[in-house]
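Novice: Take the sequences, apply the hints, and build the full model.
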Amino acid sequence: MTGFAPGTRVRVRDDWPETRGPAHIRTPHYVRGAEGTVVRVLGAFKNPEDLAFARPAPRRALYHVRFDPGAIWHDGRAKDGRGRNDLLVEIFEQWLEPA
Amino acid sequence: MMLQETDGERLLVAVRRLLEAKGIASTAEIAERIAITDRASPGQGARMVARAWTDPDYRALMVEDGSKAAEMLGIPMRGMPPLGVLQNAPGLHHLVVCTLCSCYPRAVLGYPPYWFKSAGYRARAVRDPRGLIAEWGTVLPETTKVTVVDSTADYRWMVLPERPAGTEDWTETQLAAIVREGDMIGVTIPKRP
Numbered sequence: 012m013t014g015f016a017p018g019t020r021v022r023v024r025d026d027w028p029e030t031r032g033p034a035h036i037r038t039p040h041y042v043r044g045a046e047g048t049v050v051r052v053l054g055a056f057k058n059p060e061d062l063a064f065a066r067p068a069p070r071r072a073l074y075h076v077r078f079d080p081g082a083i084w085h086d087g088r089a090k091d092g093r094g095r096n097d098l099l100v101e102i103f104e105q106w107l108e109p110a
Numbered sequence: 023m024m025l026q027e028t029d030g031e032r033l034l035v036a037v038r039r040l041l042e043a044k045g046i047a048s049t050a051e052i053a054e055r056i057a058i059t060d061r062a063s064p065g066q067g068a069r070m071v072a073r074a075w076t077d078p079d080y081r082a083l084m085v086e087d088g089s090k091a092a093e094m095l096g097i098p099m100r101g102m103p104p105l106g107v108l109q110n111a112p113g114l115h116h117l118v119v120c121t122l123c124s125c126y127p128r129a130v131l132g133y134p135p136y137w138f139k140s141a142g143y144r145a146r147a148v149r150d151p152r153g154l155i156a157e158w159g160t161v162l163p164e165t166t167k168v169t170v171v172d173s174t175a176d177y178r179w180m181v182l183p184e185r186p187a188g189t190e191d192w193t194e195t196q197l198a199a200i201v202r203e204g205d206m207i208g209v210t211i212p213k214r215p
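Read top to bottom, the protein sequences are chains Z and D. The opening position of the first sequence corresponds to residue 12 in my numbering, with each subsequent residue numbered one higher. The opening position of the second sequence corresponds to residue 23 in my numbering, with each subsequent residue numbered one higher.
Where hints are given, some of them may not hold.
Claimed, not checked - Straight-line C-alpha distance at most 30 angstroms; calculated BS3-like pairs for lysine-lysine:
no.	chain 1	residue 1	chain 2	residue 2
1	D	Lys139	Z	Lys57
2	D	Lys213	D	Lys139
3	D	Lys167	D	Lys139
4	D	Lys139	D	Lys90
5	Z	Lys57	D	Lys90
6	D	Lys167	D	Lys90
7	D	Lys213	D	Lys90
8	Z	Lys57	D	Lys213
9	D	Lys213	D	Lys167
Claimed, not checked - So the derived label-pair ranges between C-beta atoms look like this:
no.	chain 1	residue 1	chain 2	residue 2	range
10	Z	Arg20	D	Ala36	44 to 52 angstroms
11	D	Ala187	Z	Gly44	38 to 46 angstroms
12	D	Glu51	Z	Arg20	18 to 26 angstroms
13	D	Arg100	Z	Arg51	42 to 50 angstroms
14	Z	Pro33	D	Arg214	45 to 53 angstroms
15	D	Ala145	Z	Arg20	21 to 29 angstroms
16	Z	Arg31	D	Ala145	40 to 48 angstroms
17	Z	Ala110	D	Ser140	29 to 37 angstroms
18	D	Gln196	Z	Asp25	50 to 58 angstroms
Said to hold, decoys possible - If we take Cβ atoms under 10 angstroms as the criterion, some of the chain D residues that face chain Z in the derived model are:
no.	residue
19	Ser63
20	Ser124
21	Val148
Please keep in mind that the hints were generated in silico from the structure rather than gathered at the bench. Ideal placement from N, C-alpha and C gives every residue a C-beta, glycine not left out.
Specialist: Below you can see the structure in the form of structure tokens.
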């Protein structure tokens, strides 16, 4: 899998493996399908989705991805009216695609 | 004499016996890990913050490699997830949460406070961070950006807050004494008493 350089626009896969069977996922619901920007590569870590089931766990690149809350929440609290916020979330490479 | 044993205790004993039998972790290793975890407290993180406030080289190292910076102060990091340090600055504030569970930088802050693991804190931190921290009395200027860091995977995060005004001639020990747990999570900011 090719890596994403800092600054790359990415989209989190809008995928819900937990609806298809037992799954252990570190990608929060609220960012699935959302677009963000890669801030940095945090390293490569054994895939927790495999570790949780004692399967062989290859190392996967882990990214810090920045999201605009306005792209995620749609209830007017996006920027909560009082200032500018953003969100930084750790996302594994298999959940990211170029935006 | 066995007074009373809960299912949880029986399970714990069984798991520890299995770990030993399979050569995964010995009784001594488990005891050492429990001792390290019990010794960890927000005082450890506070020492790092105070050093960063007084030593620019240490601050640079801490932001670059939090684990190495912790080890430099004698904080055991072996077997711990890597530590990332989020540097507050004028106009920039960080708040740490783990929306999935309760990931917490235990090596430098000890056990997480009960509210850190609550569904309310986890849900509100990502949705309404300013409203949430206002309940601690933390009201930030509108021009300050709040970056919420959701600790979802293999890193653990602590906040390096700004040094309060009026502490310019303070020693490192004095400074460490005013840094609280919440300051390093981002729900509060250090104050001069």
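Novice: Would you mind marking each hint as holding or not holding in the structure?
Specialist: Evaluated hints:
1. D:Lys139 / Z:Lys57: Distance of about 25 angstroms is within 30 angstroms: holds.
2. D:Lys213 / D:Lys139: holds, 25 angstroms
3. D:Lys167 / D:Lys139: At roughly 24 angstroms apart (the allowed maximum being 30 angstroms), Lys139 (chain D) and Lys167 (chain D) satisfy the hint.
4. D:Lys139 / D:Lys90: Answer holds: Lys139 (chain D) to Lys90 (chain D) is near 27 angstroms, not above 30 angstroms.
5. Z:Lys57 / D:Lys90: Holds, because 21 angstroms separates the two Cα atoms, which is no more than 30 angstroms.
6. D:Lys167 / D:Lys90: Since the Cα atoms of Lys167 (chain D) and Lys90 (chain D) sit roughly 28 angstroms apart, the hinted pair holds (cutoff 30 angstroms).
7. D:Lys213 / D:Lys90: holds, 27 angstroms
8. Z:Lys57 / D:Lys213: violated, 40 angstroms
9. D:Lys213 / D:Lys167: holds, 20 angstroms
10. Z:Arg20 / D:Ala36: 44 to 52 angstroms: holds, 49 angstroms
11. D:Ala187 / Z:Gly44: 38 to 46 angstroms: holds, 44 angstroms
12. D:Glu51 / Z:Arg20: 18 to 26 angstroms: For Glu51 (chain D) and Arg20 (chain Z) the Cβ distance comes to about 45 angstroms; the hint is violated.
13. D:Arg100 / Z:Arg51: 42 to 50 angstroms: Given range 42 to 50 angstroms: violated, Cβ gap about 24 angstroms.
14. Z:Pro33 / D:Arg214: 45 to 53 angstroms: Holds, since Pro33 (chain Z) and Arg214 (chain D) (Cβ atoms, about 52 angstroms apart) stay within the stated range.
15. D:Ala145 / Z:Arg20: 21 to 29 angstroms: holds, 27 angstroms
16. Z:Arg31 / D:Ala145: 40 to 48 angstroms: 25 angstroms Cβ-Cβ, so the 40 to 48 angstroms window is violated.
17. Z:Ala110 / D:Ser140: 29 to 37 angstroms: Given a distance of about 33 angstroms, which is inside 29 to 37 angstroms, the answer is holds.
18. D:Gln196 / Z:Asp25: 50 to 58 angstroms: holds, 51 angstroms
19. Ser63: With a closest approach of 25 angstroms, the Ser63 (chain D) hint is violated.
20. Ser124: violated, 13 angstroms
21. Val148: holds, 6 angstroms
Of the numbered hints listed earlier, those contradicted by the structure are 8, 12, 13, 16, 19, 20.
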